Amino acid sequence: MRSRLFLALLHLMLPAVALIPGVSLAQQPTPVIEIVGLGKGTEVLSRPWQFHVGDDVRWSTPDVDDGTGHDGWESLVPDKPWGSQGHYAYTGFGWYRQHLHITPAIGGNSTLQLIVPRVGDACEVYWNGALIGRYGTFPPHPSWPAVHTPSPFNLNGSLDGVLSIRVWQGPLGSSGSGFVGGLQEAPILGDSESISHYIGSWNYGFLTATLFDDALNILYFLVGLDGIIFWLRHRGENLLLWFSIFAIAPTIWTSTYLLRLPVSSQTVEFVLQPLWQLRNVALWFLLIDLLNLRKRPMLLRWAKILAVVSLTSALLDGFLTYVPASALSRQSGMWLDVLFTAIIEPSDLYLLVLVFFGFRQKLDPVRLLIGISASLSQLLAVVIATAQQGQRYTHWTIGPRLASPIFHIGPAYFTLQMIFDLLVFFSVLYAIYCYVRDQQSRKAILEQELASARELQEVLIPEKPPTLPGFSVSSAYHPALDVGGDFFQIIPLDPKAPGSTLVVLGDVSGKGLRAAMAVSLIVGAVRTLAESTSSPAEILAGLSRRLHGRLQGGFTTCLALRLDPGGLCTIASAGHPAPFLNDKEIEIDGALPLGIDPDFKYGEKQIQIVPGDRCALYTDGLLEARSPDGEIFSFERLQELFATAPDAARASEAAVSFGQEDDITVLTLTRTGDV
Numbered sequence: 001m002r003s004r005l006f007l008a009l010l011h012l013m014l015p016a017v018a019l020i021p022g023v024s025l026a027q028q029p030t031p032v033i034e035i036v037g038l039g040k041g042t043e044v045l046s047r048p049w050q051f052h053v054g055d056d057v058r059w060s061t062p063d064v065d066d067g068t069g070h071d072g073w074e075s076l077v078p079d080k081p082w083g084s085q086g087h088y089a090y091t092g093f094g095w096y097r098q099h100l101h102i103t104p105a106i107g108g109n110s111t112l113q114l115i116v117p118r119v120g121d122a123c124e125v126y127w128n129g130a131l132i133g134r135y136g137t138f139p140p141h142p143s144w145p146a147v148h149t150p151s152p153f154n155l156n157g158s159l160d161g162v163l164s165i166r167v168w169q170g171p172l173g174s175s176g177s178g179f180v181g182g183l184q185e186a187p188i189l190g191d192s193e194s195i196s197h198y199i200g201s202w203n204y205g206f207l208t209a210t211l212f213d214d215a216l217n218i219l220y221f222l223v224g225l226d227g228i229i230f231w232l233r234h235r236g237e238n239l240l241l242w243f244s245i246f247a248i249a250p251t252i253w254t255s256t257y258l259l260r261l262p263v264s265s266q267t268v269e270f271v272l273q274p275l276w277q278l279r280n281v282a283l284w285f286l287l288i289d290l291l292n293l294r295k296r297p298m299l300l301r302w303a304k305i306l307a308v309v310s311l312t313s314a315l316l317d318g319f320l321t322y323v324p325a326s327a328l329s330r331q332s333g334m335w336l337d338v339l340f341t342a343i344i345e346p347s348d349l350y351l352l353v354l355v356f357f358g359f360r361q362k363l364d365p366v367r368l369l370i371g372i373s374a375s376l377s378q379l380l381a382v383v384i385a386t387a388q389q390g391q392r393y394t395h396w397t398i399g400p401r402l403a404s405p406i407f408h409i410g411p412a413y414f415t416l417q418m419i420f421d422l423l424v425f426f427s428v429l430y431a432i433y434c435y436v437r438d439q440q441s442r443k444a445i446l447e448q449e450l451a452s453a454r455e456l457q458e459v460l461i462p463e464k465p466p467t468l469p470g471f472s473v474s475s476a477y478h479p480a481l482d483v484g485g486d487f488f489q490i491i492p493l494d495p496k497a498p499g500s501t502l503v504v505l506g507d508v509s510g511k512g513l514r515a516a517m518a519v520s521l522i523v524g525a526v527r528t529l530a531e532s533t534s535s536p537a538e539i540l541a542g543l544s545r546r547l548h549g550r551l552q553g554g555f556t557t558c559l560a561l562r563l564d565p566g567g568l569c570t571i572a573s574a575g576h577p578a579p580f581l582n583d584k585e586i587e588i589d590g591a592l593p594l595g596i597d598p599d600f601k602y603g604e605k606q607i608q609i610v611p612g613d614r615c616a617l618y619t620d621g622l623l624e625a626r627s628p629d630g631e632i633f634s635f636e637r638l639q640e641l642f643a644t645a646p647d648a649a650r651a652s653e654a655a656v657s658f659g660q661e662d663d664i665t666v667l668t669l670t671r672t673g674d675v
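At the far end of the sequence shown sits residue 675, using my numbering, and the numbering has no gaps.
These are calculated hints, taken from the structure and not from any lab test. Among the hints, a few may not be true.
Claimed, not checked - Below 20 Å or equal to it, Euclidean Cα-Cα: the simulated SDA-like pairs (lysine to any residue) are:
| no. | residue 1 | residue 2 |
| --- | --- | --- |
| 1 | Lys-605 | Pro-628 |
| 2 | Lys-605 | Arg-650 |
| 3 | Lys-605 | Ala-645 |
| 4 | Lys-40 | Ile-115 |
| 5 | Lys-584 | Gly-542 |
| 6 | Lys-496 | Ser-474 |
| 7 | Lys-40 | Asn-154 |
| 8 | Lys-80 | Val-147 |
| 9 | Lys-295 | Gly-236 |
| 10 | Lys-304 | Lys-362 |
| 11 | Lys-362 | Tyr-435 |
| 12 | Lys-584 | Glu-604 |
| 13 | Lys-584 | Val-473 |
| 14 | Lys-584 | Pro-495 |
| 15 | Lys-80 | Phe-179 |
| 16 | Lys-584 | Phe-555 |
| 17 | Lys-40 | Gly-107 |
| 18 | Lys-362 | Leu-352 |
| 19 | Lys-80 | Gly-176 |
| 20 | Lys-605 | Asp-583 |
| 21 | Lys-80 | Ala-186 |
| 22 | Lys-304 | Asn-292 |
| 23 | Lys-605 | Gly-566 |
| 24 | Lys-584 | Arg-650 |
| 25 | Lys-601 | Lys-584 |
| 26 | Lys-584 | Ser-474 |
| 27 | Lys-584 | Ile-607 |
| 28 | Lys-601 | Arg-671 |
| 29 | Lys-362 | Ile-372 |
| 30 | Lys-601 | Arg-545 |
To be verified - Distance ranges between label pairs, derived from CB positions:
| no. | residue 1 | residue 2 | range |
| --- | --- | --- | --- |
| 31 | Pro-498 | Ile-586 | 43 to 51 Å |
| 32 | Arg-296 | Val-77 | 32 to 40 Å |
| 33 | Gly-410 | Ala-451 | 53 to 61 Å |
| 34 | Pro-346 | Thr-208 | 39 to 47 Å |
| 35 | Pro-469 | Gly-553 | 37 to 45 Å |
| 36 | Thr-312 | Val-353 | 30 to 38 Å |
| 37 | Tyr-413 | Val-353 | 26 to 34 Å |
| 38 | Arg-626 | Asp-438 | 57 to 65 Å |
| 39 | Ser-158 | Gly-410 | 39 to 47 Å |
| 40 | Asn-292 | Tyr-257 | 19 to 27 Å |
In this text, all values refer to a predicted model and were calculated from it rather than measured experimentally. The C-beta atom is built at its ideal place from N, Cα and C for all residues, glycine as well.
Just need the whole structure built from these sequences, with the hints factored in.
Listed below in structure tokens is the structure:
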């Protein structure tokens with residue numbers, strides 16, 4: 001197939017004709033492109049097209065005089081935007097026309113199609129005045145796909161005529177270049193089979209060119225997804241949540257391009273602004289954790305304030321793409337864009353403040369790399385974005401030059417921003433790995449400590465209470481956590497008080513490992529004191545002296561009972577709930593908990609327990625059990641419970657099923673009458 005320009009000599013003669021007096025270039029006839037043998041391949045319509053700014057649907061018809069110099073018509077090449085051909089920063093409508101004379105190939109495919117590879121922003125295609133296809137939509141509701149993919153338009157009817165392309169370029173933002181608008185790549189004409197092959201080749205080329213980006217996107221998404229799953233299992237690890245946002249946010253906006261999703265350019269711009277800023281904010285909070293800056297509340301407070309301000313500005317900036325021209329003038333929209341950008345870009349530099357304070361500490365090499373790469377990445381992004389503001393007025397080229405590729409490996413092109421971002425991602429990923437590994441190691445050590453504490457507590461609080469002559473004993477212990485702060489001991493007082501038994505039950509403030517360690521101290525002290533005295537009051541006083549200043553601001557409540565042969569019971573209390581005798585609470589004078597005043601003197605009270613009586617001791621976890629609705633177990637329920645003479649297991653289960661919040665211990669002593 002071959003193509004040649006009809007009346008090509010005319011172009012060679014134009015300079016000479018222009019010199020002839022009385023002859024005007026406006027009188028030039030429009031050149032006709034003759035295409036011979038079309039039907040077995042494609043033809044690139046790369047010859048100059050007639051062009052006119054403005055809009056008039058009559059310009060789609062064949063009989064319009066579109067000669068160069070006549071009524072505003074001129075000649076433009078189709079592989080450059082009109083902004084670089086004398087119409088800098090022009091927005092609105094423009095028309096392209098080309099006169100064709102097509103001679104089909106013998107035996108070729110008679111179905112001809114046209115492709116417009118790249119155009120900005122929306123267009124309609126006409127053949128001899130008839131609309132044959134469109135890309136996007138025009139005002140008053142302009143819209144066009146975010147990613148331009150070649151779509152074929154059928155040329156029906158005559159093979160001679162005028163091909164017209166009506167183009168609309170949308171308003172330019174504050175960072176928009178003036179070199180935009182119209183055709184940016186020459187249209188392609190061919191038979192349907194050849195056009196189909198061209199589209200297949202285009203798709204293959206797109207796939208190979210974006211293969212590296214696709215792989216990165218998949219990696220970012222999978223790593224971010226793993227982070228979310230891990231965070232859902234460990235809600236306290238907010239570091240994992242911020243890392244997931246940092247990793248997944250870029251995959252959302254790049255997937256629009258890489259997967260060629262059928263969404264409008266306005267939607268992408270709206271989503272891109274807040275997503276980009278959310279990624280930056282996530283990086284701030286990542287650095288706060290990785291650089292150990294949470295101990296500086298002022299930095300954390302400002303990070304939260306700037307996060308709200310910058311994310312709100314980014315969201316409003318994205319909304320500008322949806323504001324109709326009737327509600328907001330082009331100039332006002334541009335200045336609002338400048339305003340929001342002036343808020344967002346300085347906010348992004350807060351990352352440098354975090355890195356500065358982080359570097360004032362002793363950091364390992366990985367965290368140093370994170371700080372350096374994050375600083376360079378953020379600083380470069382701000383410089384590029386700032387340099388692009390108003391570039392069609394300043395004509396600065398530093399922004400495009402910094403954003404351009406610096407090298408490539410096969411089809412993968414690398415920019416400085418991409419290199420810095422990759423460095424940030426992989427260094428953060430490695431730091432997160434080290435963090436999780438250390439956390440798992442600490443967790444294993446803690447679990448081992450808890451296991452040791454549980455073993456210790458099993459020794460201190462046996463599952464089966466010892467035999468007590470003359471009494472039937474039942475006990476139940478339900479810690480709120482793995483280990484708790486409740487305790488009880490039953491200690492024979494022979495030979496100090498032959499036949500007597502010391503019963504001690506108490507509650508250390510708090511829960512967990514610290515309370516359990518305090519319990520081990522108390523039980524050891526009780527057994528030591530029981531060797532030197534049988535008085536419950538003296539035992540409590542001795543415990544208070546030993547615990548003073550050793551509970552780190554906490555306290556311990558405790559009951560001490562001495563059971564003598566014949567059923568006489570001597571009771572001393574250190575701020576502990578009074579025990580029940582049958583269905584009545586035993587009246588005991590109030591006293592300070594252990595460890596508060598080392599010189600406090602505790603009093604004693606004696607009662608007689610006769611055969612059939614049941615004495616029940618408990619910790620406040622039984623009384624303070626709380627239902628899901630927030631209702632407390634209460635003293636009234638406790639009194640009703642003990643009136644039924646339950647054993648320790650039934651009494652404790654009643655509180656656990658109601659809603660346990662604290663350690664629960666119950667000990668019952670029932671006088672059997674045996675001697």
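Structure-based check of all given hints:
Between the alpha carbons of Lys-605 and Pro-628 the distance comes to roughly 38 Å, so the proposed pair goes past 20 Å and is violated. Between Lys-605 and Arg-650, the direct Cα distance comes to roughly 28 Å. Violation of the 20 Å bound is thereby established for this hinted pair. In summary, the hint linking Lys-605 to Ala-645 is not supported, as the alpha carbons are separated by about 23 Å, beyond the 20 Å threshold. A threshold of 20 Å between alpha carbons decides the hint, and for Lys-40 with Ile-115 the separation of about 16 Å falls inside it, so the pair holds.
For the proposed pair Lys-584 and Gly-542, the alpha carbon gap of about 30 Å is over 20 Å, so the pair is violated. Simply put, Lys-496 and Ser-474 have alpha-carbon atoms about 25 Å apart, too far for the 20 Å limit, and the pair is violated. Under the criterion of a C-alpha separation no larger than 20 Å, the hint pairing Lys-40 with Asn-154 is consistent with the structure, at around 16 Å. Pair hint Lys-80 plus Val-147 holds up; C-alpha atoms about 19 Å apart against a cutoff of 20 Å.
Pair hint Lys-295 plus Gly-236 holds up; C-alpha atoms about 17 Å apart against a cutoff of 20 Å. With a C-alpha separation of about 25 Å, the suggested pairing of Lys-304 with Lys-362 is violated against the 20 Å cut-off. Using a Cα cut-off of 20 Å, the hinted pair Lys-362 and Tyr-435 holds, with the two alpha carbons roughly 17 Å apart. The straight-line distance between the Cα atoms of Lys-584 and Glu-604 is roughly 19 Å, inside the 20 Å bound, and the hint therefore holds.
A hinted pair counts as satisfied when its Cα atoms are at most 20 Å apart, and Lys-584 with Val-473 qualifies at roughly 19 Å. The suggested pairing of Lys-584 with Pro-495 is violated, with an alpha-carbon distance near 33 Å, which exceeds 20 Å. Of the pairs offered as hints, the one joining Lys-80 and Phe-179 holds, with about 9 Å between alpha carbons and a cut-off of 20 Å not exceeded. Distance check on the hinted pair: Lys-584 and Phe-555 sit about 27 Å apart at the alpha-carbon level, beyond 20 Å; violated.
With a C-alpha separation of about 9 Å, the suggested pair Lys-40 and Gly-107 falls inside the 20 Å cut-off, and the hint holds. Restraint check: the Cα-Cα separation between Lys-362 and Leu-352 comes to about 17 Å, which is no more than 20 Å; the hinted pair holds. With a C-alpha separation of about 17 Å, the suggested pairing of Lys-80 with Gly-176 holds against the 20 Å cut-off. For a cut-off of 20 Å, the pair hint linking Lys-605 to Asp-583 stands: about 19 Å separates their Cα positions.
The hinted pair formed by Lys-80 and Ala-186 meets the criterion: a straight-line CA distance of about 9 Å does not exceed 20 Å. Between the alpha carbons of Lys-304 and Asn-292 the distance comes to roughly 17 Å, so the proposed pair stays at or under 20 Å and holds. The straight-line distance between the Cα atoms of Lys-605 and Gly-566 is roughly 16 Å, inside the 20 Å bound, and the hint therefore holds. The hinted pair formed by Lys-584 and Arg-650 meets the criterion: a straight-line CA distance of about 18 Å does not exceed 20 Å.
Taking the CA atoms of Lys-601 and Lys-584, the gap is about 26 Å. The hint is violated against a cut of 20 Å. Among the hinted pairs, Lys-584 with Ser-474 is consistent with the structure: their alpha-carbon atoms are about 19 Å apart, no more than 20 Å. Straight-line distance between C-alpha atoms of Lys-584 and Ile-607 comes to about 13 Å, which keeps the hinted pair within the 20 Å bound. Taking the CA atoms of Lys-601 and Arg-671, the gap is about 30 Å. The hint is violated against a cut of 20 Å.
Using a Cα cut-off of 20 Å, the hinted pair Lys-362 and Ile-372 holds, with the two alpha carbons roughly 14 Å apart. As the CA atoms of Lys-601 and Arg-545 are separated by approximately 11 Å, the hinted pair is consistent with the 20 Å bound. At roughly 26 Å, the beta-carbon separation of Pro-498 and Ile-586 lies outside the given 43 to 51 Å, and the hint is violated. Take Arg-296 and Val-77: their Cβ atoms lie about 59 Å apart, and the range 32 to 40 Å is violated.
Against the hinted window of 53 to 61 Å, the Cβ-Cβ separation of Gly-410 and Ala-451 comes to about 55 Å, which satisfies the hint. Between Pro-346 and Thr-208 the CB atoms are about 40 Å apart, so this pair conforms to the stated range of 39 to 47 Å. Range check, Pro-469 to Gly-553: Cβ separation about 41 Å, and the 37 to 45 Å hint holds. Taking 30 to 38 Å as the suggested C-beta distance range, the pair Thr-312 and Val-353 does not conform, at roughly 20 Å.
Hint check: Tyr-413 to Val-353, Cβ distance near 33 Å, so the stated range 26 to 34 Å holds. In this structure the hint that Arg-626 and Asp-438 lie 57 to 65 Å apart at CB is violated, the actual value being about 36 Å. Separated by about 46 Å at the C-beta atoms, Ser-158 and Gly-410 satisfy the suggested range of 39 to 47 Å. Range check, Asn-292 to Tyr-257: about 37 Å between beta-carbon atoms, so the 19 to 27 Å window is missed.
Hint violations for this structure: numbers 1, 2, 3, 5, 6, 10, 14, 16, 25, 28, 31, 32, 36, 38, 40, all remaining hints satisfied.
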